[in-house]
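A.B. asks: Take a look at the letters that make up each chain.
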Amino acid sequence: MARSRLIIAAGLILFALVPVLAGPGGMPTLQGLFTRIVIYAVAAVSLDLIMGYGALVSFGHSMFFGLGGYVVGIVAYHVGVGEPLLGWGGSRSALVVWPLALGACALLGLGVGWLALKTSGVQFIMITLAFAQMVFFILVSLQTYGGDDGLMIDLRNTLPLIDLGDATQFYYLCLGVLVLWTVLCTFIVNSRFGMIFQALRQSERRAVNLGIRPLNFRLTAFVISAVGTGMAGILWANYAMFVTPDMAAWSKSGEFMAIVVIGGLGTLIGPIAGAAVFIVLEQTLTGWTEHWMIIMGPILTLVALFGRQGLLGRFLRHRHD
Amino acid sequence: MTDASGPVLEIAGLHKAFGALVATDDVTLDVRAGELHALIGPNGAGKSTLIAQICGELAPDRGRILFEGRDITRLPAYKRARIGLGRSFQLTQLCMDYTVLENVLLSLEAKGGGSPDIFRNPRRNRANCARAGEWIDLVGLSGLETRPVSELAHGQRRQLEIAVALAREPRLLLLDEPMAGMGAEETGALTTLLQGLKDRYAILLVEHDMDAVFALADRISVLVYGRVIFTGTGDAVRASPDVRAAYLGEEA
Numbered sequence: 090m091a092r093s094r095l096i097i098a099a100g101l102i103l104f105a106l107v108p109v110l111a112g113p114g115g116m117p118t119l120q121g122l123f124t125r126i127v128i129y130a131v132a133a134v135s136l137d138l139i140m141g142y143g144a145l146v147s148f149g150h151s152m153f154f155g156l157g158g159y160v161v162g163i164v165a166y167h168v169g170v171g172e173p174l175l176g177w178g179g180s181r182s183a184l185v186v187w188p189l190a191l192g193a194c195a196l197l198g199l200g201v202g203w204l205a206l207k208t209s210g211v212q213f214i215m216i217t218l219a220f221a222q223m224v225f226f227i228l229v230s231l232q233t234y235g236g237d238d239g240l241m242i243d244l245r246n247t248l249p250l251i252d253l254g255d256a257t258q259f260y261y262l263c264l265g266v267l268v269l270w271t272v273l274c275t276f277i278v279n280s281r282f283g284m285i286f287q288a289l290r291q292s293e294r295r296a297v298n299l300g301i302r303p304l305n306f307r308l309t310a311f312v313i314s315a316v317g318t319g320m321a322g323i324l325w326a327n328y329a330m331f332v333t334p335d336m337a338a339w340s341k342s343g344e345f346m347a348i349v350v351i352g353g354l355g356t357l358i359g360p361i362a363g364a365a366v367f368i369v370l371e372q373t374l375t376g377w378t379e380h381w382m383i384i385m386g387p388i389l390t391l392v393a394l395f396g397r398q399g400l401l402g403r404f405l406r407h408r409h410d
Numbered sequence: 008m009t010d011a012s013g014p015v016l017e018i019a020g021l022h023k024a025f026g027a028l029v030a031t032d033d034v035t036l037d038v039r040a041g042e043l044h045a046l047i048g049p050n051g052a053g054k055s056t057l058i059a060q061i062c063g064e065l066a067p068d069r070g071r072i073l074f075e076g077r078d079i080t081r082l083p084a085y086k087r088a089r090i091g092l093g094r095s096f097q098l099t100q101l102c103m104d105y106t107v108l109e110n111v112l113l114s115l116e117a118k119g120g121g122s123p124d125i126f127r128n129p130r131r132n133r134a135n136c137a138r139a140g141e142w143i144d145l146v147g148l149s150g151l152e153t154r155p156v157s158e159l160a161h162g163q164r165r166q167l168e169i170a171v172a173l174a175r176e177p178r179l180l181l182l183d184e185p186m187a188g189m190g191a192e193e194t195g196a197l198t199t200l201l202q203g204l205k206d207r208y209a210i211l212l213v214e215h216d217m218d219a220v221f222a223l224a225d226r227i228s229v230l231v232y233g234r235v236i237f238t239g240t241g242d243a244v245r246a247s248p249d250v251r252a253a254y255l256g257e258e259a
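These protein sequence lines map, in sequence, to chains Y and B. Quick note: the first sequence, position 295, residue 384 per my numbering, numbers continuous. Quick note: the second sequence, position 213, residue 220 per my numbering, numbers continuous.
There could be a bad hint or two in this list.
[Claimed, not checked] A few chain Y residues that face chain B, going by a derived Cβ cut-off under 10 angstroms, partial list only:
| # | residue |
| --- | --- |
| 1 | 284 |
| 2 | 288 |
| 3 | 298 |
| 4 | 303 |
| 5 | 305 |
[What the hints assert, rightly or not] Below, simulated DSS-like cross-link-like pairs (lysine-lysine); rule was C-alpha separation at most 27 angstroms, straight line:
| # | chain 1 | residue 1 | chain 2 | residue 2 |
| --- | --- | --- | --- | --- |
| 6 | Y | 207 | B | 86 |
| 7 | B | 118 | B | 205 |
| 8 | Y | 207 | B | 118 |
| 9 | B | 86 | B | 118 |
| 10 | B | 86 | B | 205 |
FYI, nobody ran anything at the bench for these hints, they're computed from the structure. All values derive from a computational prediction rather than experimental measurement. Just so it is clear, CB atoms sit at the ideal spot from N, CA and C, and this is done for glycine as well.
Please put together the full structure from these sequences, using the hints given.
C.D. replies: Rendered as structure tokens:
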């Protein structure tokens, strides 16, 4: 318990100090690297909520990442060229665009979740994958929005008081989102809802015979997870100022799953560390060779084989009480 | 709908076949309020299949199941649980990562279908924790509240299984071989516990331990090849030549 608090405090201080270290020290790429880590961590925490606590292995979470990003991109495109979107003039305000994107992800999550949760195990994995592939090919086919090549975003969304165009302010915004989201997910996990959601993972038969309808709890959690991953997509679109169908590719879903497993399933904090390790490794290895997956693959295998609880699982898998 | 003395559970003409194998063959039986009705029979007699149909995990081919006068034959399992049907499992079904206390709290939380509350921690609900504690004491697990189930001995898990089934105060309790795998001492303790509880619930008990069955049961039904061949008091069952031939004789 004390050790996990220490890890969280140390991690938080490290993340908070990144712009200070990067600024005068002359390492602007460091801040960009950490922005990417933080954004991926939002998605990883969201996936861990259902994968770690509910054993719902979604191999399609990239669809929410892609959809969140594309809503931002498409609205920005219409504002940019001054062409109304379904009769709506569009907006650059995050307070308008982001809820719209999150709502779209919630709706997609509701539909996909409702269908996929009629199955379990391998079939669940395959159905979530199939839906993500559908979203991917729809994005590829959107010629107006760049098709295969993706869509450039001319300006970031706007928020009162915060200038998203400023790299440091944008980083702190992402970090704030990550902290708030992780706190919320921790509440969910420890709540009355979370107790039953986790019971369904441990013994579905018992839960059903106590009066639980599994779909209600799993679908709710799936939608919450979809919205969180969509939020990561929104932040990514604003960070990169560029969205491509690759955001919804199956390999992206695989990256999210790998990050969660590296960090430690069912720990929420672990996947944040997992995101850091994954992104840093990716960055380092791509500097050496374009076939960086040849090195990354064995590393993932080793973590999965020997660190069965992930990097931080051993320290973080405490009882929430 | 029904007067107070009517049966809590009524099964009429229940039939279930898996291909050519008839697992439940025209079974009719009832469990009255405050009664402990034991269901015995040799292995493969269809006891577990019958329990699965009563609690809704398996749909019968024909026949009806009535709970307090209401037809529940087509009701899904979770709804049957909500209207007051409780059960324990032959093979322990517990949340292994949860503590003893959390398992009993879950039973209290799940009553009525569970809550969408995503903020309050049920472990901090003092009233429920106190209630859960009472059930834990009752089944003899006091002092083990914070122990994860994965660290409990087999017998202790069986005791917890009973506490989880009881905590939600069902009106009908299906106990599927609660003594399975228990030592003589534990079986004795559980028999005493059920003796003290049996007036408060209608109980259908499936059990292989004949001492426990004869000590507890108001009536006993004997199931052989999916058929109820005899229903009566313990003495009547002991005296019945059919039962002797079909069941008791095999063991004697």
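A.B. asks: Would you mind marking each hint as holding or not holding in the structure?
C.D. replies: Cross-check of the supplied hints:
Taking 10 angstroms as the C-beta cut-off, the interface hint given for residue 284 of chain Y holds, the closest approach to chain B being about 5 angstroms. Because the beta carbon of residue 288 of chain Y sits about 5 angstroms from the nearest beta carbon in chain B, less than 10 angstroms, this interface hint is met. The restraint placing residue 298 of chain Y at the interface with chain B holds, with a minimum CB-CB distance near 5 angstroms, inside the 10 angstroms limit. Contact between residue 303 of chain Y and chain B, as hinted, is supported at the beta carbon level, the nearest pair being about 8 angstroms apart and thus within 10 angstroms.
Hint status for residue 305 of chain Y: holds, given a least beta-carbon distance of 8 angstroms to chain B, under 10 angstroms. Distance check on the hinted pair: residue 207 of chain Y and residue 86 of chain B sit about 18 angstroms apart at the alpha-carbon level, within 27 angstroms; holds. With a CA separation close to 21 angstroms, the supplied pair residue 118 of chain B and residue 205 of chain B stays within the 27 angstroms bound. About 24 angstroms separates the Cα atoms of residue 207 of chain Y and residue 118 of chain B, which keeps this hinted pair within 27 angstroms; it holds.
Using a Cα cut-off of 27 angstroms, the hinted pair residue 86 of chain B and residue 118 of chain B holds, with the two alpha carbons roughly 11 angstroms apart. Distance hint between residue 86 of chain B and residue 205 of chain B is fulfilled; the C-alpha atoms sit about 24 angstroms from each other, no more than 27 angstroms.
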